[in-house]
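Got chain A; can you put chain B on it based on the hints?
In the order they appear, the protein sequences are chains A and B.
Numbering (the numbering used here) for the first sequence: 1 to 529.
Numbering (the numbering used here) for the second sequence: 1 to 355.
No false leads were slipped in.
To give a feel for the contact side, a few chain A residues facing chain B, derived at Cβ under 7 Å: (1) I266; (2) V322; (3) P330; (4) M332; (5) L334; (6) A336; (7) W338; (8) L342; (9) V463; (10) V501; (11) L508.
Some chain B residues well away from chain A (every beta-carbon gap over 12 Å; in silico): (12) Q93; (13) A113; (14) L238.
The hints are simulated quantities; they were obtained by calculation from the structure and are not laboratory data.
Computed from a predicted structure; not experimentally measured.
Positions of the beta carbon are idealized from the N, C-alpha and C atoms, including for glycine.
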Amino acid sequence: MRLSRLLCLLAVLAAQPALADRAALTAALCAPVLSDQVAGLAALAEAGATGGRDEAEWARTVVAAVEARALRCTATGPVIGDGAATVDAATLAPLAEPADAAALPVNNRLRATAASAAAVLALFSEADPAARARAATALERRREALTLPILEAALAGETDAGVAGALGALRARMLLSDPDPQTRILAIAAIAADATLRNRTLIAEALGAETDPAVQAAGAEALAGIDRTLAAGRVLATLYSGLSYASVLLLAALGLAIIFGLMGVINLAQGEFIMIGAYAAWFVQTAIRAAAPGLLDWYLIAALPVSFLAAAAVGVAMESLVLRRLYDRPLMTLLATWAVSLLLINLVRVGIGTQNLEFHQPFYVSGGIPVLGDFILTLNRLFAIGVALAAFAGVVIVLRFTTFGMNMRAVAQNRAMAGAAGIDARRTDRMAIALGSGLAGLAGVALAPLYNVNPNMGAGFIVDSFMVVVLGGVGSLAGAVLASFGIGQINVVMEPIYGAVAAKVVVLLLVIAFIQRRPEGLFAPKGRR
Amino acid sequence: MGGGVLFRCVAAVLAALTLALPILGGPLSGSAVGISPYLANIIGQIATFALLAIALDLIWGFAGVLSLGHGLFFALGGYLVAMHMLKAGYVNQGIVPDLMTFMGWTELPAYWAGFEHFPYALALIVLLPGLVAFAYGWMSFRSRVSGVYFAIITQALTYVAMLLMFRNDTGFGGNNGMTGFASLVGLPMGAASTAVWLATASTAATLAAFLMCGRLVRSPFGRMLVAVRDDEARLRFLGYDPVWPKLAVWTLSGVLAAIAGALYVPQVGIINPRLLSPEVSIEIAVWVALGGRGTLSGAVIGAVVISALKFWLTGFAPDLWPFILSLLVLVVVVGLPNGLTDLRLPRPGRTRHGS
Chain A
1 MRLSRLLCLL AVLAAQPALA DRAALTAALC APVLSDQVAG LAALAEAGAT
51 GGRDEAEWAR TVVAAVEARA LRCTATGPVI GDGAATVDAA TLAPLAEPAD
101 AAALPVNNRL RATAASAAAV LALFSEADPA ARARAATALE RRREALTLPI
151 LEAALAGETD AGVAGALGAL RARMLLSDPD PQTRILAIAA IAADATLRNR
201 TLIAEALGAE TDPAVQAAGA EALAGIDRTL AAGRVLATLY SGLSYASVLL
251 LAALGLAIIF GLMGVINLAQ GEFIMIGAYA AWFVQTAIRA AAPGLLDWYL
301 IAALPVSFLA AAAVGVAMES LVLRRLYDRP LMTLLATWAV SLLLINLVRV
351 GIGTQNLEFH QPFYVSGGIP VLGDFILTLN RLFAIGVALA AFAGVVIVLR
401 FTTFGMNMRA VAQNRAMAGA AGIDARRTDR MAIALGSGLA GLAGVALAPL
451 YNVNPNMGAG FIVDSFMVVV LGGVGSLAGA VLASFGIGQI NVVMEPIYGA
501 VAAKVVVLLL VIAFIQRRPE GLFAPKGRR
Chain B
1 MGGGVLFRCV AAVLAALTLA LPILGGPLSG SAVGISPYLA NIIGQIATFA
51 LLAIALDLIW GFAGVLSLGH GLFFALGGYL VAMHMLKAGY VNQGIVPDLM
101 TFMGWTELPA YWAGFEHFPY ALALIVLLPG LVAFAYGWMS FRSRVSGVYF
151 AIITQALTYV AMLLMFRNDT GFGGNNGMTG FASLVGLPMG AASTAVWLAT
201 ASTAATLAAF LMCGRLVRSP FGRMLVAVRD DEARLRFLGY DPVWPKLAVW
251 TLSGVLAAIA GALYVPQVGI INPRLLSPEV SIEIAVWVAL GGRGTLSGAV
301 IGAVVISALK FWLTGFAPDL WPFILSLLVL VVVVGLPNGL TDLRLPRPGR
351 TRHGS
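Just chain A, same shape as in the assembly:
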């Protein structure tokens, strides 16, 4: 009981000085000298920044009154408004119209400081991040009422990433224009620790106006450091995007290589199987959205088996209707699979339409992890790489450790002999084509968050996948991996320098030059030709 009374008393005592402070703060606005008035506005901003939300809102009201020329000075302290609406500036309590009130004259300097103070106070009192972002932008131009401690406090309390970024840049600029060279050097080091293009621009801007040689030297060193990190980040980013392209190629090319290695059939419809995989993923998305919207984020995972099976089913249908009759005429299979691809493209075009499909981006494929400089490990590419690695591991396991894999290797090596040993070659063929087409279907799922999905999407991959198979050798897994990574990297590395077309030309010329030496690819089985 006594304790609570004591607390009450303390609270009253604590509130009392605040009110007294408010009176002193407002009184400064009516000081006879302009510089005192300006200092009063700055003090108001600081009080709002350190005193909590209520204080900030009160200070904002007063500053707004100054800006609107609604603040009048009386002998007992400033008041806001006139007539019946008059309130005391310190307490905001209604007052009778005072007799001696004179409006505070507002000149340009006072107005500028008031605008700056209003922006500072908006940072501390606005709930809307967009309004705070506008205040931060205003502070870039008007720093009259802004001090470093205020900015630190705003930065510490900021929850929105965009506003925090703007405030961080503002703090960096303030530190870089600090009169003390030592502070500037420390500021440069602190900013350079986070090597992004944005911070590089900040330091470069500050150095443009720098006169102190020590600071210039520190700045130049910091810029060189950032440049090194940025360059390393760019190299990593290029390698990474090459890796993700290569993993999609690998999925498509593995399927091609399996089908070609076993049956000597080059499947020109492999690109369309990728397309079918992507469309199956879209159907899964639509189905989940209708049946269980809460699980929508997991549609890509659910689509993996569905797309595999969808593409595999089309592949098996193609095999049993067409390819089965063409095994002794491999060149005709080129025409037949081309016709299948034309048919699939046009069926999808007529049945679903030519527009790009809309894909929901679940949390595990949106955004990324910043690694170095401006290089971000984007999750959608990581997803593609992960799918490819998992599928590749699966293929290796199937080929090495299962009976089906053993049969497949046996049929690929010697069809007649394998048949004599009791292996059903026809069944093996059908399962191999299911596996090969299914892999293309998986590529379609991996692509869905990355590329445009439309009926013509397969055409872009088919030539590169063939180059992988030609370069990688017939039915060789290691060759397909090496070739797809080589071709993926060449494409991505060449593209920014010479353009996408040059990259394709170089890949093709390399392949043509390469097969001069090794006409059966990198890892062809040894034998007499």
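Showing chain B alone in chain A's frame:
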């Protein structure tokens, strides 16, 4: 091997067309038996397709080497003749080509030099595709690249050429291609008589190629080609070098395709990189497969039937064409291994294992 009744029939039809076109399309045009310039134009276009099919059949049907890149040679010939027409129009009549306006150029790049002279362009139409074919064939045949490998790489080559031509800065008109031709060897473009003369030239060229290739495949050289197709390893074992016959016929095939392209482009009045798309090249193989590989008349018939069907269908149901084409191909490759020639009464002892 093509010297039969069918061969003579096709040759007779081509000869009759060549003779009749200038008369029926010229003085008699508009009469009951006359040929309208529109029809003459279509006949001319189809004739160039037949020539293209002969070129592919020569290398695929007789030497067993499938090219999925004959669109490359066809387009090469087309681009060369288009360059001649544009440059001649620019130099002689002061017509500024669209691609100069588009790129903001005040003069054409250096490699356009001399194209206003028809003999120079004509020489290039023969020499350049021949050189390209020779260089690529020499590299491939020498290292024994064959079968599907060869086919796929020809397609990739064509695809890359298409990507290159789609660029605006290569100086070949980019994705707009070349159009707005004024005249060819003094014949004004768009005139009725020009259409008839170009169609006549096309049928004449096709007839000449047909007769020449017919002689060629019946000669000892032709026997050698068939031997290359049927068992290259045995031929090599018997002491022959299969590289040179293959290379010779491959180069000849490329040149014939280029001539077809050079005749085709003035008749349609435009060339753009879409001619280099893989679909076009594969469609050529479809003509030959449908007509029957290894018979020149089959190639001509296949090209005529499919392209006539395409002209007719795309007029009222353009969406239907891809379905018909793909189903046609599937039916032919599955059911008629030797194309439409399978529809004839089977002759005893006549079997063929193609590859």
